[in-house]
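Visitor: Sequence:
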Amino acid sequence: MTMTEQATGAHPQPRPRSGGQQSAPEHVTGAQSLIRSLEEVGAETVFGIPGGTILPAYDPLMDSTKVRHILVRHEQGAGHAATGYAQATGKVGVCMATSGPGATNLVTPIADAQMDSVPLVAITGQVVSSAIGTDAFQEADIVGITMPITKHSFLVTKAEDIPRVIAQAFHIASTGRPGPVLVDIPKDILQTKTTFSWPPVMDLPGYRPVTKPHAKQIREGAKLITQAKRPVLYVGGGVLKAGATAELKVLAELTGAPVTTTLMGLGAFPDSHPLHVGMPGMHGSVTAVTALQKADLIVALGTRFDDRVTGKLDSFAPHAKIVHADIDPAEIGKNRAADVPIVGDAREVIADLIQAVQKEHSEGHQGDYSAWWKDLSRWRETYPLGYDLPADGSLSPQQVIERIGQLAPEGTIFAAGVGQHQMWAAHFIQYEKPATWLNSGGAGTMGYAVPAAMGAKAGVPGNTVWAIDGDGCFQMTNQELTTCALNNIPIKVAIINNGALGMVRQWQTLFYNQRYSNTVLHSGPEDINPDAKGTRVPDFVKLSEAMGCVGLRCERPEDLDKVIAEANSINDRPVVVDFIVHEDAMVWPMVAAGTSNDEIMAARDVRPDFGDNEDD
1 MTMTEQATGA HPQPRPRSGG QQSAPEHVTG AQSLIRSLEE VGAETVFGIP
51 GGTILPAYDP LMDSTKVRHI LVRHEQGAGH AATGYAQATG KVGVCMATSG
101 PGATNLVTPI ADAQMDSVPL VAITGQVVSS AIGTDAFQEA DIVGITMPIT
151 KHSFLVTKAE DIPRVIAQAF HIASTGRPGP VLVDIPKDIL QTKTTFSWPP
201 VMDLPGYRPV TKPHAKQIRE GAKLITQAKR PVLYVGGGVL KAGATAELKV
251 LAELTGAPVT TTLMGLGAFP DSHPLHVGMP GMHGSVTAVT ALQKADLIVA
301 LGTRFDDRVT GKLDSFAPHA KIVHADIDPA EIGKNRAADV PIVGDAREVI
351 ADLIQAVQKE HSEGHQGDYS AWWKDLSRWR ETYPLGYDLP ADGSLSPQQV
401 IERIGQLAPE GTIFAAGVGQ HQMWAAHFIQ YEKPATWLNS GGAGTMGYAV
451 PAAMGAKAGV PGNTVWAIDG DGCFQMTNQE LTTCALNNIP IKVAIINNGA
501 LGMVRQWQTL FYNQRYSNTV LHSGPEDINP DAKGTRVPDF VKLSEAMGCV
551 GLRCERPEDL DKVIAEANSI NDRPVVVDFI VHEDAMVWPM VAAGTSNDEI
601 MAARDVRPDF GDNEDD
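To convert, note that position 295 of the sequence shown is 295 in the numbering used here; the numbers rise steadily by one, no gaps.
Source of the hints: derived by calculation from the structure; they are not laboratory data. Mixed in with the good hints, there may be bad ones.
What the hints assert, rightly or not - Only pairs whose alpha carbons sit at most 27 Å apart, straight line, appear in this in silico DSSO-like list of lysine-lysine:
no. : residue 1 : residue 2
1   : Lys-334   : Lys-321
2   : Lys-216   : Lys-359
3   : Lys-374   : Lys-249
4   : Lys-216   : Lys-321
5   : Lys-212   : Lys-249
6   : Lys-374   : Lys-321
7   : Lys-249   : Lys-66
8   : Lys-229   : Lys-321
9   : Lys-212   : Lys-223
10  : Lys-321   : Lys-249
11  : Lys-249   : Lys-433
12  : Lys-229   : Lys-359
13  : Lys-249   : Lys-229
14  : Lys-66    : Lys-229
15  : Lys-223   : Lys-193
16  : Lys-212   : Lys-359
17  : Lys-249   : Lys-216
18  : Lys-66    : Lys-223
19  : Lys-334   : Lys-223
20  : Lys-212   : Lys-374
21  : Lys-193   : Lys-66
22  : Lys-193   : Lys-158
23  : Lys-223   : Lys-321
24  : Lys-312   : Lys-212
25  : Lys-212   : Lys-562
26  : Lys-249   : Lys-359
27  : Lys-562   : Lys-542
28  : Lys-66    : Lys-158
29  : Lys-249   : Lys-223
30  : Lys-216   : Lys-229
31  : Lys-312   : Lys-229
32  : Lys-312   : Lys-334
33  : Lys-334   : Lys-216
Starting from the given sequences, assemble the full structure and let the hints guide the process.
Guide: Written as structure tokens, this is what we have:
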């Protein structure tokens, strides 16, 4: 590991060798070749479920001393676990499934990994080659199904190609803009006799990710930074994936510009740093959202101007010039035209920007942002993130999440589901280091948290891992707690239980006249049996205990710290805490879908007044 990797928390990616001394050929089956290839590329953990067409691969897998297989309870859990593993470790996540429904159950996590640029290799079995296209039992064209949601897909037609395909899959998944790669292998190819030698010769014509930015573009970007009056560094997940957090801190402190980190970029810049103005977007901080709207320069680093950040696109940041740096050239200009487009790896881009800005400073060109910081500071003081405690004395969900973050051990990794609890976890837990916040950003996948936390804990067993989940999300993938219990993966799960699909309910409150159509998750068993009054369905404590976990419940604010401390003290089994919270809590700030970021509400019926800007 390099010094920079140590400083930033980045992890070296496994790199298949593409040349050098080859090992002597071994006579093996295709299945044995697959497992040997996984060992050689450095795969340590595979999440999966065996089935008919992939079964030949599970026999040699049993003998591997290098690859640990974790038997999940659903293939979707395997995919999300592989994603959580990849996000926490920086390595390629691996999942495995059989053909047909096994493969199609991986579609959601593959799409999720594609949206969030996660390095993932999904290996699927396929019906025998002669049966492909005949609608054979458990046949599905998984290559065709996943083509729009993978970085690349392989259908292996010859057993001797397996080492090369696996080497290429890992290389493609982990280089350039990371993403998922599918490898589909027919059963007869796994059973065929072949030879295995390593390393294979890799030939990927046309795949040459650009990492080094163009010097002229860097100089132009640096000039705009020093000329600007109201710049913002708009930082996305690409900075984390490039291991560029140390460089980002240097650039921010060198320029003195405010930094906003997206939902996928949390942890790229310390939340506690005085230059950090929060998270932008639909539920971003007032200061971050407004800073982008009022900016005269946005320096976008490893981010893609997605709709959750921009709001109504034609009204986004109307006064700003754009410097957009991304390793994927397809993202530059896709949503917002760039005045200075920069294609390159975020770490190299930021390192070069630092040098270029230093040169500008040495020539007497330095930006004066003092008036800008007066505005930013006023907004930050006037519209801080906060919440009200329920008048009836019940638990506030924001308070629960905040205290979990405050009481968590050093180095805790947090994985969140999707919805209100996701936004509260983004706001009320402090992220100071990279790879401590895992969530489904682009796809917004409910059910992500528990299996992702499982994958993270499997990859980084020495760190505490909390899954912050909602009662809706939890009921989609909680079966993976059984996997955790049986495989010594002691994650901790906080169920933020408001008895409803909270974010949908919030929209119904605001936009559908409080008509709560199909968002109540339990109406109470007393509707069926009057003697069951007060019983919850399901009882998450009993359910968790049935799956081999410790089940706890907290309903009163005065018990909160004690229950969290108890959960933190248990490290030999998974722990699930059912936090019964107030059902009417809402996520603020909020920009309603399809509206301009100028219409942000700091709270219900509270529209911030920013005053006039001299250039507005």
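Visitor: State for each hint whether it applies.
Guide: Hints, verified against the model:
For the suggested pair Lys-334 and Lys-321, the alpha carbons sit about 15 Å apart, so the restraint of at most 27 Å is met. Among the hinted pairs, Lys-216 with Lys-359 is consistent with the structure: their alpha-carbon atoms are about 14 Å apart, no more than 27 Å. With a C-alpha separation of about 21 Å, the suggested pairing of Lys-374 with Lys-249 holds against the 27 Å cut-off. Simply put, Lys-216 and Lys-321 have alpha-carbon atoms about 17 Å apart, close enough for the 27 Å limit, and the pair holds.
Among the hinted pairs, Lys-212 with Lys-249 is consistent with the structure: their alpha-carbon atoms are about 20 Å apart, no more than 27 Å. Pair hint Lys-374 plus Lys-321 holds up; C-alpha atoms about 21 Å apart against a cutoff of 27 Å. Between Lys-249 and Lys-66, the direct Cα distance comes to roughly 37 Å. Violation of the 27 Å bound is thereby established for this hinted pair. The straight-line distance between the Cα atoms of Lys-229 and Lys-321 is roughly 12 Å, inside the 27 Å bound, and the hint therefore holds.
In summary, the hint linking Lys-212 to Lys-223 is supported, as the alpha carbons are separated by about 19 Å, within the 27 Å threshold. Annotation: proposed proximity of Lys-321 to Lys-249 holds, straight-line Cα distance about 22 Å (limit 27 Å). Only pairs whose Cα atoms come within 27 Å are accepted, and Lys-249 paired with Lys-433 is accepted, the gap being roughly 12 Å. Between Lys-229 and Lys-359 the alpha-carbon distance is near 19 Å, which keeps this suggested pair within the 27 Å criterion.
Between Lys-249 and Lys-229, the direct Cα distance comes to roughly 20 Å. Compliance with the 27 Å bound is thereby established for this hinted pair. Between Lys-66 and Lys-229 the alpha-carbon distance is near 55 Å, which puts this suggested pair outside the 27 Å criterion. Using a Cα cut-off of 27 Å, the hinted pair Lys-223 and Lys-193 is violated, with the two alpha carbons roughly 61 Å apart. Among the hinted pairs, Lys-212 with Lys-359 is consistent with the structure: their alpha-carbon atoms are about 19 Å apart, no more than 27 Å.
Using a Cα cut-off of 27 Å, the hinted pair Lys-249 and Lys-216 holds, with the two alpha carbons roughly 23 Å apart. Among the hinted pairs, Lys-66 with Lys-223 is inconsistent with the structure: their alpha-carbon atoms are about 51 Å apart, more than 27 Å. Distance hint between Lys-334 and Lys-223 is fulfilled; the C-alpha atoms sit about 24 Å from each other, no more than 27 Å. Pair hint Lys-212 plus Lys-374 does not hold up; C-alpha atoms about 36 Å apart against a cutoff of 27 Å.
This hinted pair checks out: Lys-193 and Lys-66 have alpha carbons roughly 23 Å apart, not beyond 27 Å. A hinted pair counts as satisfied when its Cα atoms are at most 27 Å apart, and Lys-193 with Lys-158 qualifies at roughly 10 Å. Annotation: proposed proximity of Lys-223 to Lys-321 holds, straight-line Cα distance about 12 Å (limit 27 Å). Distance restraint check for Lys-312 and Lys-212: the Cα-Cα separation of roughly 33 Å exceeds the 27 Å cut-off, and the hinted pair is therefore not satisfied.
A C-alpha spacing of about 51 Å is found between Lys-212 and Lys-562, which places the hinted pair above 27 Å, so the restraint is violated. Distance hint between Lys-249 and Lys-359 is fulfilled; the C-alpha atoms sit about 18 Å from each other, no more than 27 Å. For the hint pairing Lys-562 with Lys-542, the CA-to-CA distance comes to about 20 Å; that is within 27 Å, so the pair holds. Proposed proximity of Lys-66 and Lys-158 is supported: the alpha carbons are some 25 Å apart, at most 27 Å.
Between Lys-249 and Lys-223 the alpha-carbon distance is near 19 Å, which keeps this suggested pair within the 27 Å criterion. Straight-line distance between C-alpha atoms of Lys-216 and Lys-229 comes to about 22 Å, which keeps the hinted pair within the 27 Å bound. Of the pairs offered as hints, the one joining Lys-312 and Lys-229 holds, with about 25 Å between alpha carbons and a cut-off of 27 Å not exceeded. A threshold of 27 Å between alpha carbons decides the hint, and for Lys-312 with Lys-334 the separation of about 15 Å falls inside it, so the pair holds.
Between Lys-334 and Lys-216 the alpha-carbon distance is near 22 Å, which keeps this suggested pair within the 27 Å criterion.
Hint compliance for this structure: hints 7, 14, 15, 18, 20, 24, 25 are broken, all remaining hints hold.
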